[in-house]
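Chains A and B, in that order, are what the protein sequence lines are. Under this note's numbering, residues 1 to 250 are what the first sequence spells out, in order. Under this note's numbering, residues 1 to 250 are what the second sequence spells out, in order.
Derived from the structure by calculation, the hints contain no laboratory data. A quick note: this is a predicted structure, and the numbers were derived from the prediction, not measured. Treat the hints loosely; a few may be bogus.
[As the list claims (entries may be wrong)] To spell it out: a stretch of chain A is covered by chain B in this simulated footprint if at least three of its residues, at any positions, have a beta carbon under 8 Å from a beta carbon of chain B; those stretches are:
| id | stretch |
| --- | --- |
| 1 | 44-57 |
| 2 | 95-101 |
| 3 | 127-137 |
| 4 | 140-148 |
| 5 | 157-166 |
| 6 | 227-240 |
[Stated by the list, open to error] Some chain B residues judged to face chain A by a derived CB distance under 7 Å, without partners named:
| id | residue |
| --- | --- |
| 7 | 44 |
| 8 | 46 |
| 9 | 56 |
| 10 | 59 |
| 11 | 100 |
| 12 | 154 |
| 13 | 156 |
| 14 | 232 |
| 15 | 234 |
| 16 | 242 |
| 17 | 245 |
| 18 | 247 |
Just so it is clear, CB atoms sit at the ideal spot from N, CA and C, and this is done for glycine as well.
2 protein chains.
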Amino acid sequence: LIVLAHPESSSYNAHLATLAQQTLLATGSRVEMSDLYAMGFDPAEDARHFSVRADPRRFDAQLEQRFSYDREELPEAVQGEVDKILRADLVLLHFPLWWFGMPAILKGWMDRVFVYGGMYSGSRRHERGVCRGKRALFCVTTGSSEAACSPTGKEGDTRLVLWPALYSMRYLGFTVLQPFLVHGVRGGLTGPAADAANARLHAIEQRFATVLRQLDDAPVMPFNADTDFDENGQLKPDAPVYSPFIRHQE
Amino acid sequence: LIVLAHPESSSYNAHLATLAQQTLLATGSRVEMSDLYAMGFDPAEDARHFSVRADPRRFDAQLEQRFSYDREELPEAVQGEVDKILRADLVLLHFPLWWFGMPAILKGWMDRVFVYGGMYSGSRRHERGVCRGKRALFCVTTGSSEAACSPTGKEGDTRLVLWPALYSMRYLGFTVLQPFLVHGVRGGLTGPAADAANARLHAIEQRFATVLRQLDDAPVMPFNADTDFDENGQLKPDAPVYSPFIRHQE
Chain A
1 LIVLAHPESS
11 SYNAHLATLA
21 QQTLLATGSR
31 VEMSDLYAMG
41 FDPAEDARHF
51 SVRADPRRFD
61 AQLEQRFSYD
71 REELPEAVQG
81 EVDKILRADL
91 VLLHFPLWWF
101 GMPAILKGWM
111 DRVFVYGGMY
121 SGSRRHERGV
131 CRGKRALFCV
141 TTGSSEAACS
151 PTGKEGDTRL
161 VLWPALYSMR
171 YLGFTVLQPF
181 LVHGVRGGLT
191 GPAADAANAR
201 LHAIEQRFAT
211 VLRQLDDAPV
221 MPFNADTDFD
231 ENGQLKPDAP
241 VYSPFIRHQE
Chain B
1 LIVLAHPESS
11 SYNAHLATLA
21 QQTLLATGSR
31 VEMSDLYAMG
41 FDPAEDARHF
51 SVRADPRRFD
61 AQLEQRFSYD
71 REELPEAVQG
81 EVDKILRADL
91 VLLHFPLWWF
101 GMPAILKGWM
111 DRVFVYGGMY
121 SGSRRHERGV
131 CRGKRALFCV
141 TTGSSEAACS
151 PTGKEGDTRL
161 VLWPALYSMR
171 YLGFTVLQPF
181 LVHGVRGGLT
191 GPAADAANAR
201 LHAIEQRFAT
211 VLRQLDDAPV
221 MPFNADTDFD
231 ENGQLKPDAP
241 VYSPFIRHQE
């Protein structure tokens, strides 16, 4: 499943999604595409999406998600995406980095499609998650340079900036691959600058296609196992630390 | 300016927004409210919002934002929010934490309203930003407990999870206050459990009102100054480190 969250179909980001589609088809895989802008996906989780309600007076998103899931009455757009995820072995998320995160249309895809009671619950998450055995890979473009997006850069370390979104995939049980980042993607170049940029992007495309053809070799992001936490959800003293987001007390 | 991003008007999150409004009115301030769900704010930045176009064939969000801003032809919903921000001394963002981030409707408010060429540019950001001298404060509710949202907790350190959104405010030049976090907000309690929860929430409300009445005393988040970076956007060797997102090379 390829989820694309870019408003311009001729963007480099969308181009990489098409490349992914062609590369995976060439390996004999079936490929489904969710082009969120083309679908007109509504990103705002809201009462108006729910035709049946557990509590018609007060809208609680988790309560209503579970209620609709249990009754097989999920909103049509949501059910379609749930089905695609459940059919997939690999979920690719293609998006440009906007304001240090996903475009709203993709954040809303998570808000609505990662259905409480269906795609996760207190007892079905992380290594016991519904999506265990499936892989997730982010393909992210930034306008800023690789240097500016590095740990020492002014735009902040993109790999850390993406951690909350990557952890959301892990929450559902996905094996999360290290994100594929393409920095310095800018339109409007002409002449020798455009030629140099195109040569660089061509090399990136080769590298991306290789990742997709050799997914077993792709580096996996480490996360704590559920067993690394005590009954209060606290990291056990001997548990490993994989990111600053979940760490031992100084 | 109070920006509220919760789909349920009787939620505790919305209640805190109303409390903020009343508290600030009582100090003699004027208060504007952007209830994004009530406004039907469209979070997806997209070509269809722009009536004039710099490039009608290919949609580049930054290019079109700057073009529309320069011609004073911003989309009406965006212009309204820009005007509110420019009038405000304090911008409060009220939202529940969904999938380790802002609800899509609020992320889209940033994607669309933080207009390139108007609200920021390469030369007008951080301490030279358009919003310098204004304060920003996030009021964030989570269903998970304070322990689970702490640095040692399974949900990840909420203060780090919020950093990309807080840095977005800093990018525009805001003085960013430490976020006001309310954990363990859950509906559906009855009997003594509900009484205990209500007593706890009442104490939180008192604390929040005090913060709003004494903003000069509220702790400010530190960020690097533009002068902490060299001409390539790299942190200078002697510059201070305020978060793992921007740090020295190990």
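Hints and how they fare:
| no. | hint | in the structure |
| --- | --- | --- |
| 1 | 44-57 | holds (count 4) |
| 2 | 95-101 | holds (count 4) |
| 3 | 127-137 | violated (count 0) |
| 4 | 140-148 | holds (count 5) |
| 5 | 157-166 | holds (count 6) |
| 6 | 227-240 | holds (count 5) |
| 7 | 44 | holds, 5 Å |
| 8 | 46 | holds, 5 Å |
| 9 | 56 | violated, 12 Å |
| 10 | 59 | holds, 4 Å |
| 11 | 100 | holds, 3 Å |
| 12 | 154 | holds, 4 Å |
| 13 | 156 | holds, 4 Å |
| 14 | 232 | holds, 6 Å |
| 15 | 234 | holds, 5 Å |
| 16 | 242 | violated, 11 Å |
| 17 | 245 | holds, 4 Å |
| 18 | 247 | holds, 5 Å |
Of the hints listed earlier, those the structure fails to meet are numbers 3, 9, 16, in rising order.
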